[in-house]
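Engineer: Single-letter residue listing:
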Amino acid sequence: MTKDDFASTVGVGGVVGTNFTWPEGSAERKRNDLTPAREQKFEKWISIYDTRRKCCPAGNI
Amino acid sequence: MKKLGFTWVTLDDGWQTAQGDWFLQPQKFPNGDADMRVLVDKIHAEGFKAQLWWAAAGCGSGYGVGQEASGLAAAERGWQQAEDFLLEFLVSLPGRSRRHRIPQSDRGESPQGLGFRRLKLDGQHMNGAPPCYNPAHKHARPEESVEGMPKFFQALYDTARQAKPDALIEFCPCGTAYSFFTLPFLNMSVASDPESAWQVRTKGKTLKALQGDSVA
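First to last, the protein sequences are chains R and E. Each residue of the first sequence is one higher than the last, beginning at 1 in the numbering used here. Each residue of the second sequence is one higher than the last, beginning at 1 in the numbering used here.
Misleading hints may appear alongside valid ones.
Stated by the list, open to error - Here are some chain R residues pointing at chain E (derived, C-beta under 8 Å):
no. : residue
1   : D5
2   : S8
3   : T9
4   : G11
5   : V12
6   : G13
7   : G14
8   : E39
9   : F42
10  : E43
11  : D50
To be verified - Straight line, CA to CA, 20 Å or less: simulated SDA-like cross-link-like pairs of lysine to any residue:
no. : chain 1 : residue 1 : chain 2 : residue 2
12  : E       : K28       : R       : W22
13  : E       : K49       : R       : F20
14  : E       : K208      : R       : G13
By construction, these hints were calculated from the structure, which means they are not laboratory data. C-beta: ideal position from N, C-alpha, C; glycine also.
Using the sequences provided together with the hints, build the complete structure.
Structural biologist: Next comes the structure, spelled out in structure tokens:
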């Protein structure tokens with residue numbers, strides 16, 4: 001899903017961000033629901049960002 | 001939020017009465033600024049930093065400025081409102097007039113900055129204004145409105161950074177490209193509403209090339 005393309009953001013040295021509504025089902029727009037699948041994806045990419053943020057923005061990419 | 005590793009929390013679109021008025025939505029904040037202050041304090045107490053969404057210079061359904069007697073008055077009120085907004089949301093300013101804020105504030109509540117550390121300025125409209133031919137605005141030339149848009153954002157940026165030297169000013173022209181004329185007046189960009197990996201990567205690399213590592 002394009003809106004969850006964290007790889008491109010991390011790859012160019014960007015700061016990862018999200019947009020969601022919780023709990024699931026409370027959003028006006030269903031696409032904003034924080035589903036378990038999105039939660040897992042967020043956790044994975046925020047962790048990758050945290051690990052790599054000290055090197056990516058300063059590197060040759 | 002902590003489990004996922006977030007460090008910033010943004011209060012997004014929906015806290016205001018209308019885009020352009022920027023009064024707190026009474027259904028969501030029945031006690032006005034006090035409720036907002038509680039929310040911001042809670043965000044900070046939990047170890048996060050608070051950011052506020054704002055469609056600066058935007059107006060939408062329910063916008064009250066359109067009821068002003070003249071366009072010039074509306075423009076003047078709009079800028080005054082923007083200035084008040086910035087200062088009141090970022091810093092504590094004892095004794096400052098709150099004439100453009102919610103009615104509760106006008107009844108003698110002690111003015112307190114609401115403590116946000118960052119602003120997310122949002123909307124494609126921020127990229128530019130068309131020439132203005134409205135005689136009520138008393139422009140010397142129609143292009144004054146075009147030239148004034150970047151100056152508006154320069155003033156916002158300078159005011160915010162003066163109030164809080166470490167303030168982050170995020171600029172989000174949604175899925176569109178940035179305007180060259182407003183780029184100097186932001187220190188955080190976004191890859192918002194991305195259409196493709198190509199867009200995200202091109203945007204990110206272009207901004208890094210233009211502004212270096214100082215832009216997040």
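Engineer: Any CB of chain E closer than 8 Å to the CB of R/V12?
Structural biologist: holds (3 Å)
Engineer: Does R/D50 meet its interface restraint, that is, does its C-beta lie within less than 8 Å of any C-beta in chain E?
Structural biologist: Constraint on R/D50 satisfied, holds at 6 Å.
Engineer: Is the hinted pair E/K208 and R/G13 satisfied, with a Cα-Cα distance of at most 20 Å?
Structural biologist: Answer holds: E/K208 to R/G13 is near 9 Å, not above 20 Å.
Engineer: So, as I understand it, the hint says R/G14 touches chain E; can you test that by seeing if any CB pair is closer than 8 Å?
Structural biologist: Check passed: Cβ of R/G14 comes within 5 Å of chain E, closer than 8 Å.
Engineer: Minimum Cβ distance from R/E43 to chain E below 8 Å?
Structural biologist: OK, holds: R/E43 within 8 Å of chain E, min 5 Å.
Engineer: Taking 8 Å as the limit, does the beta-carbon of R/D5 come near enough to a beta-carbon in chain E?
Structural biologist: Since the shortest Cβ distance to chain E is 5 Å, the answer is holds.
Engineer: Next item in the hint list is R/F42. Is there a CB on chain E closer than 8 Å to its CB?
Structural biologist: holds (5 Å)
Engineer: Does the nearest C-beta of chain E fall within a distance shorter than 8 Å of the C-beta of R/G11?
Structural biologist: Because about 7 Å separates R/G11 from the closest Cβ in chain E, which is inside the 8 Å limit, the hint holds.
Engineer: Given a cut of 8 Å on the nearest C-beta pair, is the interface hint for R/S8 held or broken against chain E?
Structural biologist: Holds: closest Cβ of chain E sits about 4 Å from R/S8, inside 8 Å.
Engineer: For the hint on R/E39, just tell me whether its beta-carbon gets within less than 8 Å of chain E.
Structural biologist: Interface hint status for R/E39: holds (7 Å vs cutoff 8 Å).
Engineer: Given a cut of 8 Å on the nearest C-beta pair, is the interface hint for R/T9 held or broken against chain E?
Structural biologist: The hint holds - R/T9 has a Cβ within 8 Å of chain E, the shortest such distance being about 6 Å.
Engineer: Please work out if E/K49 and R/F20 have their alpha carbons no farther apart than 20 Å.
Structural biologist: This hinted pair holds, its Cα atoms lying about 17 Å apart.
Violated hints: none; the structure is consistent with every hint.
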